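Asks: Line order of the protein sequences matches chains A and B.
Just so it is clear: in the first sequence, position 101 is 101 by full-length UniProt numbering, and no numbers are missing.
Just so it is clear: in the second sequence, position 109 is 109 by full-length UniProt numbering, and no numbers are missing.
Among the clues, some could well be false.
Which copy is meant is left open, because identical chains are indistinguishable; a pair holds if it fits in one copy or across any two.
As the list claims (entries may be wrong) - Straight-line distance between alpha carbons at most 20 Å, and here's what the computed DMTMM-like set of lysine to aspartate or glutamate pairs gives:
| hint | residue 1 | residue 2 |
| --- | --- | --- |
| 1 | Lys-102 | Glu-147 |
| 2 | Lys-47 | Asp-141 |
| 3 | Lys-47 | Glu-110 |
| 4 | Lys-121 | Glu-44 |
| 5 | Lys-121 | Asp-109 |
| 6 | Lys-47 | Glu-122 |
| 7 | Lys-130 | Glu-68 |
| 8 | Lys-124 | Glu-159 |
Read the hints as simulated data drawn from the structure, not as lab findings.
Given the structure is predicted, the values throughout are model-derived calculations rather than measurements.
Protein chains: 2
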Amino acid sequence: MLIKRLVSSFVPSSGFSSSGGPRILKTGDILRQTRTFSELDVLEYAKVSYDSNPLHFDSKCAQNAGFEAQLVHGMLVAALFPRIISSHFPGAIYVSQSLNFKLPVYIGDEIVGEIQATNIKENKKRHVAKFATKCFKNGGDLVIDGEAMAVLPTLAVEEASM
Amino acid sequence: MLIKRLVSSFVPSSGFSSSGGPRILKTGDILRQTRTFSELDVLEYAKVSYDSNPLHFDSKCAQNAGFEAQLVHGMLVAALFPRIISSHFPGAIYVSQSLNFKLPVYIGDEIVGEIQATNIKENKKRHVAKFATKCFKNGGDLVIDGEAMAVLPTLAVEEASM
């Protein structure tokens, strides 16, 4: 089921050369995953987060606030970022994240989450990576914009587990 | 069950005067909720976010990374912030959030989430509020630090639904 609902891709920066070995993360590289959130996802997220804002359940409330329909929780959509990081770098430690919620996400919207490495430093045999983190819908409309920092145990990019 | 696991409080700024009417949010006011995350919470959050970083499930992996035990997902802990906002201001629209993860959160840690209004502006009959957002454990150790912005339909502070 997860395989159907999550699609993952790696877009190397222009300097990437395939040598047959493991892919090594470099500045400029982009990792993407695509997910469509269901009504059940919103319900399950509300249960575990205790966030039952009526905007997520009451279409009239959402419409009165200027939206087309009830919204997917912004923090559930934003969870794509640590999910992308940890699925490619298991054991990664999440250090910081900024999030600007630009457009509403509705149930059924196909969301592309994208992280792009903007800076990588080595520190005590671990790697501190900064990422530009964005979500898009409708083929390019910016939904969430922000930045993340994470400590990666290695720069070798694992295939994302689905 | 939720009542046992979530405790909510409102700490008015010094200028607050109780007039018997609804509490009106003012700059300086603090809203707090306390929650302890369980192993089941971590499992349920991993299911809905697809984030199965071994740091959350494998105590050896967590210990190798320098932690005492497996971690609660940072984004699940941070979900306290929109939960506090939306439980006191149903229909609030989340605009932005910054998150700095300062200390690990372990299963069973009692976490106090706190939002303090730092700026409130009126815009087209709605209220744009900025909050300092913090989580603490052990009676005062800073776990998450950041800021949030939300559009509130009203400044009247509802009792948080549990």
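Asks: So which of those numbered hints doesn't the model satisfy?
Replies: 2, 4, 5, 6, 7, 8
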